[in-house]
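Q: Kindly produce the complete structure, drawing on both the sequences and the hints.
Those sequence lines, one after another, are chains A and B.
So in numbering that gives the first Met the number 0, spot 112 of the first sequence is number 111, and the numbers just go up one at a time.
So in numbering that gives the first Met the number 0, spot 78 of the second sequence is number 77, and the numbers just go up one at a time.
Note that these hints are calculated values from the structure, not bench results.
Subject to a maximum C-alpha distance of 25 Å in a straight line, what follows is the list of computed BS3-like cross-link-like pairs (lysine-lysine):
1) Lys132/B to Lys65/B
2) Lys30/A to Lys52/B
3) Lys217/A to Lys232/A
4) Lys232/A to Lys30/A
5) Lys232/A to Lys52/B
6) Lys271/B to Lys235/B
7) Lys132/B to Lys73/B
8) Lys30/A to Lys25/B
9) Lys262/B to Lys25/B
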Amino acid sequence: MEFVSPEGLRLDGRRPMEMRQIRAEIGAVAKADGSAVFEMGNTKVIAAVYGPREVQNRTQQINDQALVRCEYSMANFSTGDRMRKPKGDRRSTEISLVIRQTMEACILTHLMPRSQIDIFVQVLQADGGTRSACINAATLALADAGIPMRDLVTSCSSGYLNSTPLLDLNYVEDSAGGPDVTVGFLPKVDKVTLLQMDSKLPIDIFENVMQLAIEGCKAIANYIREIMLENTKQLEYRRGI
Amino acid sequence: MVGLSLGEEHFIQGGIAQDLRSDGRKRLTYRPIYVETGVIPQANGSARVMLGKTDVVSSVKAELGKPSSLQPDKGKVAIHVDCSTTAAPMFEGRGGEELSTELSVALQHCLLGAKSGAGAGIDLSSLIVVEGKICWDLYIDCLVVCLDGNLLDALGAAIKAALSNTGIPRVHVAAGALGDEQPEVDISEEEFLQFDTSDIPVIVTLTKVGRHYIVDATSEEESQMSSAVSISVNRKGHICGLIKRGGAGLDPGIILDMMSVVKHVSEQLINKLDSEIAASEAGAEES
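A: Rendered as structure tokens:
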């Protein structure tokens, strides 16, 4: 199948190095301590953060740092065909783990010993790149909850189809069977915190594809900063300062 | 759960007794309702309803299926509610299942009528394509995103809004299938049929706190309730379903009294909801 037309356009009309439209909103869940919606094209996820609070299960308490927990779930209506899978299948468990490890690496957990931070991500619509969208939403939600972090971790995926590196794969491109590189990146300290790839890729091309994903992460980081600045301005305005 | 001090409990109870609740509402006033339709483009119809801080998303997906042999002239509708962990940490893992099931059953009672399909808010015979062979199966999935009391009313409103937004593709049946053969169908991608949603009831929950009852209770007020009665009423004022929850018993006289109150409140709610749905649909068409 042809994923990049001779004119250099992808199936959804994007250029190879073009990202889908991204949109973010802070404070979607009124009752949570911090929350955000993050959209990448048709992929739409909600993240909610509860905490830092008392550890619910005493046996899990850590004496010198905070306990970070994460649960990823997909709504029944999120995929094209209606899902009848129960909660907690292997894929969700794996993504929960990935998100937890990525977020744990950037939260300053040693500042909140003997406490617990819960991150819940809910996929409303899945169209490829849910993993990245979830990490971006979780970052915004954690920032909204006022949890101290080293940096704003952002994530983006890239792939390689028809001998062209492609940024931000959608569902059709993702299921084409080509390589899919997901990168989590700390833009300020310039470090990669998450790197996953399936399928196979020559090393010299891998470098290009990964660099492309990192560029995507940087673009998302800029956008997230804008959104947070806007949100802070709103808060300031409401307080009448 | 909601942690309240003794003082706060008295404050809420006292406010309800004096017809002035903690957020300034009267006993029979709803919080502002906000409706957004078409939030899930992949579904046939969808809506998001916010009732104060309570936030639910509802989607309708239609699939072609086979009608049951007992009712060959009727389609099938299933309602499923899922409590997202984003709404409350206690829904983690299997924690939300009990509430989800309770809500799904309650909604089925209130909106779908009896087992035979009689008295359903949705006209099930309109879902039939070929009698006894092909019908539409409607899957209504609801997701609770944020929880601040009065879930059932919000879910009922979200389902009504999602069904108003639903377009079922027109199906062309190839002629010539005989006997037991399954006829071939051609699903149109351009023509859609709209539902008649005017008969779909709304659900009004009356929560009894102390000697009085209130509509649209928040989480804090629900923690003080002795019992709650959810009544679904349609536009004509007919009662389509009734569920009583909570432990304390109710005087039969009070239940009758509640019904007349609900009848009055539901009229306002239906009008408010209809105008919100119309506004949202109009907004979606413009953009």
